[in-house]
Every structure is written in structure tokens, then in C-alpha cells.
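Following the hints, put chain A in place on chain B, whose structure we already have.
Listed below are the residues making up each chain.
2 protein chains.
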Amino acid sequence: MSTEKAAYHHGNLREALVRTALALLEDGGVEALTLRAAARGAGVSAMAPYRHFADKAALLTAVAAQGYADLRDRLAHADGQTDARQALVEQGVAYVLFAYERPALFRLMFGAPLAAPKVAPASADTAYGILAARVAGLVPEAERETATMAAWSLVHGLACLTVDGRLPPPAQGNAPTTEALARRVTGLFAAGLPADGGDAGRGRSRGR
Amino acid sequence: MSTEKAAYHHGNLREALVRTALALLEDGGVEALTLRAAARGAGVSAMAPYRHFADKAALLTAVAAQGYADLRDRLAHADGQTDARQALVEQGVAYVLFAYERPALFRLMFGAPLAAPKVAPASADTAYGILAARVAGLVPEAERETATMAAWSLVHGLACLTVDGRLPPPAQGNAPTTEALARRVTGLFAAGLPADGGDAGRGRSRGR
Numbered sequence: 001m002s003t004e005k006a007a008y009h010h011g012n013l014r015e016a017l018v019r020t021a022l023a024l025l026e027d028g029g030v031e032a033l034t035l036r037a038a039a040r041g042a043g044v045s046a047m048a049p050y051r052h053f054a055d056k057a058a059l060l061t062a063v064a065a066q067g068y069a070d071l072r073d074r075l076a077h078a079d080g081q082t083d084a085r086q087a088l089v090e091q092g093v094a095y096v097l098f099a100y101e102r103p104a105l106f107r108l109m110f111g112a113p114l115a116a117p118k119v120a121p122a123s124a125d126t127a128y129g130i131l132a133a134r135v136a137g138l139v140p141e142a143e144r145e146t147a148t149m150a151a152w153s154l155v156h157g158l159a160c161l162t163v164d165g166r167l168p169p170p171a172q173g174n175a176p177t178t179e180a181l182a183r184r185v186t187g188l189f190a191a192g193l194p195a196d197g198g199d200a201g202r203g204r205s206r207g208r
Numbered sequence: 001m002s003t004e005k006a007a008y009h010h011g012n013l014r015e016a017l018v019r020t021a022l023a024l025l026e027d028g029g030v031e032a033l034t035l036r037a038a039a040r041g042a043g044v045s046a047m048a049p050y051r052h053f054a055d056k057a058a059l060l061t062a063v064a065a066q067g068y069a070d071l072r073d074r075l076a077h078a079d080g081q082t083d084a085r086q087a088l089v090e091q092g093v094a095y096v097l098f099a100y101e102r103p104a105l106f107r108l109m110f111g112a113p114l115a116a117p118k119v120a121p122a123s124a125d126t127a128y129g130i131l132a133a134r135v136a137g138l139v140p141e142a143e144r145e146t147a148t149m150a151a152w153s154l155v156h157g158l159a160c161l162t163v164d165g166r167l168p169p170p171a172q173g174n175a176p177t178t179e180a181l182a183r184r185v186t187g188l189f190a191a192g193l194p195a196d197g198g199d200a201g202r203g204r205s206r207g208r
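Chains B and A supply the protein sequences, listed in that same order. So the first sequence is numbered by UniProt numbering: it starts at 1 and just counts up by one. So the second sequence is numbered by UniProt numbering: it starts at 1 and just counts up by one.
None of these hints come from the bench; they were simulated from the model. Cβ coordinates follow ideal geometry from the N, Cα and C atoms, glycine included. The reader is advised that the hints may include incorrect statements.
Stated by the list, open to error - Covered stretches of chain A (in silico footprint by chain B; criterion: 3 or more residues with CB under 8 Å from a CB of chain B, positions within the stretch not fixed):
| # | stretch |
| --- | --- |
| 1 | 34–40 |
| 2 | 49–55 |
| 3 | 151–158 |
| 4 | 176–185 |
As the list claims (entries may be wrong) - Have a look at the derived ranges for each label pair, beta carbon to beta carbon:
| # | chain 1 | residue 1 | chain 2 | residue 2 | range |
| --- | --- | --- | --- | --- | --- |
| 5 | A | G29 | B | A65 | 22 to 32 Å |
| 6 | A | G28 | B | G80 | 42 to 52 Å |
| 7 | B | G80 | A | E15 | 54 to 64 Å |
The shape of chain B in the complex, shown without the other chains (with noise of 0.2 Å):
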């Protein structure tokens, strides 16, 4: 115990459960993420963890939540474009790839069975804050919340068709890769969004 609290002060308990049950999810899955098995890599006794959390349940809400952290971050870190389309297709790659590499906390973040924290209402705080935040820059203010959720679902639905192996096999050729796809996919709907200022219509038309 007192080694214990000389290892893990502040909070530093806590956040080491959590890193640890992020690896374990990622190796075994959800099935693998018990407290027994966060203390054993945390390094610390069965009973510490109780100290933070009150079951399993309060554990798999931490780990979402640190998920739904990362998430944000890694949305953010995408949209660094000057160009506004580009940066909505650097964040939707951004989501897909995610997915893709964390697959078992993307299923435990959006998941059915886990009582996880909804995707909180849109803030600068949160991924939706951040995906409304770029599409709020690009499109005509009365279609903001639909194009939000339209291109959330875009995302959301290839990163779901991905991580459970439902994407329909190419026409021809190889498959791209995930971030190709992805790249494509959300190409086409930033091309089409409508555009910001009245009469210049679409992205891609007034590209062309």
C-alpha cells in the first residue's frame, strides 16, 4: 500500500488503470478489460483499483471517455488545412483510420451494449464540437446541423463497415486501403456540400 501511494499520487492511479485498460481492451477486447487485470498491469494490488472504480461498468466509462479524448484530439490535429474541404476530409479520414487501429474501443465508445457516455451535445470540447465547428465554416447556416450529422454518419458508417469486415469487395482490382477509401468517400461528399454564399453552388461545380 505504501508503495502503492508512493508510485501512483494524484490522480496517477487512476490514469494508469485507464492506459492500462486501453492496452487490454486493444489486445483481448472488452472481454479481457477487468479490474483484476488493470491492477495486475498497473502493477498495484487487486483492491486499488476499487479506490477509483466501483466495477467494471465505471472502468469500461473511464476508458470510453479517454477514448472520446482522443478522438477530439486526433480530429483536431487533422484540421490544420487552410483549404475548409480539405480539412473536412482530413478529419473524416481521421475518424475512419481511428476506428480502424482502435477497433475494440471504437466499438466500446459507440457500441450498443455499454452504458458509455453519449457524444456529448456539440462543443469545441468534443469530436462533433470539432467536424460542426469546420462544417459550420463551409455550408449555409440552415443546413449546418443536417450537414454535421449527415457527414458524422458518413464517417461513422464506413468506420462501422470497416471495423466489422462489411465492406463489399472492389468492382475490380485490389481494395484501397482503408485511408484511401476513406479519403474518397469523403472527398465526394466535401466536394458536394453546398456551398457557403448563395449562388456559387456546389464545391466541385465551382471548381470545375
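Coordinates of chain A only, in the frame set by chain B:
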């Protein structure tokens, strides 16, 4: 046995079991779906299902296959419009409503855990094929595969977010119905698809 033979012949028992299984699935989720319960529901002995299904997984696969057929029929039925973009919207709405009305079946068809049949390659016999055919009539050839994939991702993502309760609450006012939301989201997407025939640009631009 002789009663069963009288009641079910020429594959009728198989159909009855799948029909019963579909009802069990919607009532109690995949856990409620056992060969024993299906037998009870169909009014046959507990051993009778084994004539058609080796185990629960085989029954689940048959149920999912029936789900794909139902989804295909629903998309085909929805796609009866003279306006091609409107037909695409109706297909999308039908897809989302299918998931909304039959969430357990939808999860079985597209969720990860089941070793269910994958979405088959595009052919007129599949839901994907019906979508692909409609998209093919709308967009230039070079963009068809991407546009079909994008359309599928869009409605699949909206369906998943709906079924899993992950839709963000509306910024203001009441949440739209599932149908209204699906109509808006697919409408925005369809309007933004690149139009076939060169420089006419995108659908909505043309309409302005």
C-alpha cells in the same frame, strides 16, 4: 414426428423456424434466440430444428440471410421514383428505418460478433446492388464505386448511430423523427452528388 411431417414439408419447417427466430430476435435479442426456443415457437419437438440447422450459429446465419433479403426487398420497393435523386433518398430512408424498426436483426446482420454472410458483391440480387444500380444512373462512371460506397456508409452510419442511441441531441428544439432526419441527411447527400453528363455540375446547383 408424423404430425410434424404433416404440418411441415417441402422446406416449410425451415421457413417456420426462421420466421419464429426473427420474432424471438426482435423480442429478446440474440440471447433469446436458441434452437430450442425456435422449435417451441414453431410447435415442433426440440430435436426437429436439427434437421435443418446444425447449431445456433447456422440458425443465426439463416436469420441474417433472411434479413438481407428483406432489406433488399425494402430498398427495391422504396426505389420506385421517377426522379433518380429522389429514389436514392427513398432508398436511404428505407435503410435507416429498417434498422430503426428491427434493431436486433440489423445488429445481427452487420455487427461484428456474428460470422454472418458478408455483404455480397454488387449484384441486382442484393441490397447493395440495388443501391449501386441507382447510383450508377446518377453519377459519372469514374465516381460510381466511390459514390455507392459513400451512400452506403452514410445510411449505415446514421442507422448505427440511431440504433445505438448515439445521435447528438439537436442544437435547439425537438429531435426530428428518424424518418425526417434520414430524409434530410440523405437529401443533402443526394443533392451533392456529381451529376452525370459533364459540366452540368451538381444536382442542387442545377436546380437553383
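These are the hints, each one checked on the structure:
With 0 residues having a Cβ less than 8 Å from any Cβ of chain B, the stretch 34–40 of chain A misses the three-residue criterion, and the hint is violated. Remark: the stretch 49–55 of chain A is not confirmed as covered by chain B, as 0 of its residues place a Cβ nearer than 8 Å to a Cβ of that chain, below the required three. With 7 residues having a Cβ less than 8 Å from any Cβ of chain B, the stretch 151–158 of chain A passes the three-residue criterion, so the hint holds. Beta-carbon proximity to chain B at under 8 Å applies to 3 residues in the stretch 176–185 of chain A; the threshold of 3 is reached and the given coverage holds.
Separation of G29/A from A65/B is about 26 Å and conforms to the stated range, judged on CB atoms against 22 to 32 Å. One distance hint, 42 to 52 Å for the beta-carbon pair G28/A and G80/B, holds here, with the actual separation near 48 Å. Separation of G80/B from E15/A is about 56 Å and conforms to the stated range, judged on CB atoms against 54 to 64 Å.
Hints 1 and 2 from the list above are not met by this structure, while the remaining hints are.
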